[in-house]
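Asks: Residues per chain, in single letters:
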Amino acid sequence: GENVEQHPSTLSVQEGDSAVIKCTYSDSASNYFPWYKQELGKRPQLIIDIRSNVGEKKDQRIAVTLNKTAKHFSLHITETQPEDSAVYFCAADKSGGSYIPTFGRGTSLIVHP
Amino acid sequence: GAVVSQHPSWVICKSGTSVKIECRSLDFQATTMFWYRQFPKQSLMLMATSNEGSKATYEQGVEKDKFLINHASLTLSTLTVTSAHPEDSSFYICSARPPRTGNQPQHFGDGTRLSIL
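Chain order of the listed sequences is A and B. Residue numbering for the first sequence follows the numbering used here, beginning at 677 and increasing consecutively. Residue numbering for the second sequence follows the numbering used here, beginning at 997 and increasing consecutively.
Simulated from the structure, these hints should not be mistaken for lab results. If you're wondering where the values come from, they're calculated on a predicted model, not measured in any experiment. Ideal Cβ positions, reconstructed from N, Cα and C, are used throughout, including at glycine. Don't take each hint at face value.
What the hints assert, rightly or not - Computed, partial: chain B to chain A, Cβ under 7 Å:
id, residue
1, Asp1023
2, Ser1039
3, Leu1040
4, Asn1099
Claimed, not checked - Cβ pair distances, simulated, as ranges:
id, chain 1, residue 1, chain 2, residue 2, range
5, A, His788, B, Thr1027, 41 to 47 Å
6, B, Ser1085, A, Ala746, 37 to 43 Å
7, B, Leu1070, A, His748, 33 to 39 Å
8, B, Lys1062, A, Pro789, 43 to 49 Å
Said to hold, decoys possible - Straight-line Cα separation of at most 27 Å, DSS-like style, residue types lysine-lysine; simulated pairs:
id, chain 1, residue 1, chain 2, residue 2
9, A, Lys770, A, Lys718
10, A, Lys734, B, Lys1062
11, B, Lys1037, A, Lys698
Based on the provided sequences and hints, a complete structural model is requested.
Replies: Below, the structure written as structure tokens:
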């Protein structure tokens, strides 16, 4: 089965700095990689995703990169703000509604004002 | 966009009580829904896959008689925690995704915080 490793488990940055969270996966058949943000006591919410036919995707201050050969993908947040503080989960997934995505263990991002 | 509704959001009850949690897909039909359990500061732990019209598939270590799942329609799955005890206290979240072709993200419910006294 798929195995997703996520690092770091905790990331503390100053407001305005950049934050990078990295994930690796094991199943080369995985072709879809969403990132979720979960604030305390709330649902995980999709913030950005990338498909295996794309190497990079950007949405304002958030970007994701994918290296299929090395089987790793990363989340980049620039100009961090206190409201970016949350737990971020990566996932490795495949096409098909019944396929079960594999989640990373999560990264707690703390942005200090 | 796709919306998943989960109720109740918070339950406090006495030990021995059975608690039912509902998960609804509001604007799409979901043949498959997923139930997760999340402990504080930890990742999502998949408990079971709920399949419409058939038995749920439970992950290793999850007691199917303890956590009853029913997926009687294409828009509703229920999780019943039977004879709940304090160790069952946790945050339970369901998810589903539209059955469209291609990659689709999971959409999560708001979660249910279960506290057993």
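Asks: Look at each hint and say if it fits the structure.
Replies: Results of checking the hints against the structure:
With its C-beta approaching chain A no nearer than about 15 Å, Asp1023 (chain B) sits outside the 7 Å limit, and its interface hint is violated. Hint on Ser1039 (chain B) holds. Least Cβ distance to chain A is approximately 4 Å, under the 7 Å limit. Interface restraint check for Leu1040 (chain B): the shortest CB-CB distance to chain A comes to about 5 Å, inside 7 Å, so the restraint holds. Because the closest C-beta pair between Asn1099 (chain B) and chain A is about 4 Å apart, less than 7 Å, the hint holds.
Evaluation of the 41 to 47 Å hint for His788 (chain A) and Thr1027 (chain B) yields a pass: the beta carbon distance comes to about 45 Å. A hinted range of 37 to 43 Å for the beta carbons of Ser1085 (chain B) and Ala746 (chain A) is consistent with their spacing of about 40 Å. Against the hinted window of 33 to 39 Å, the Cβ-Cβ separation of Leu1070 (chain B) and His748 (chain A) comes to about 37 Å, which satisfies the hint. Here the CB-CB span from Lys1062 (chain B) to Pro789 (chain A) is close to 44 Å, well matched to the stated 43 to 49 Å.
The straight-line distance between the Cα atoms of Lys770 (chain A) and Lys718 (chain A) is roughly 25 Å, inside the 27 Å bound, and the hint therefore holds. Between Lys734 (chain A) and Lys1062 (chain B) the alpha-carbon distance is near 44 Å, which puts this suggested pair outside the 27 Å criterion. Taking the CA atoms of Lys1037 (chain B) and Lys698 (chain A), the gap is about 18 Å. The hint holds against a cut of 27 Å.
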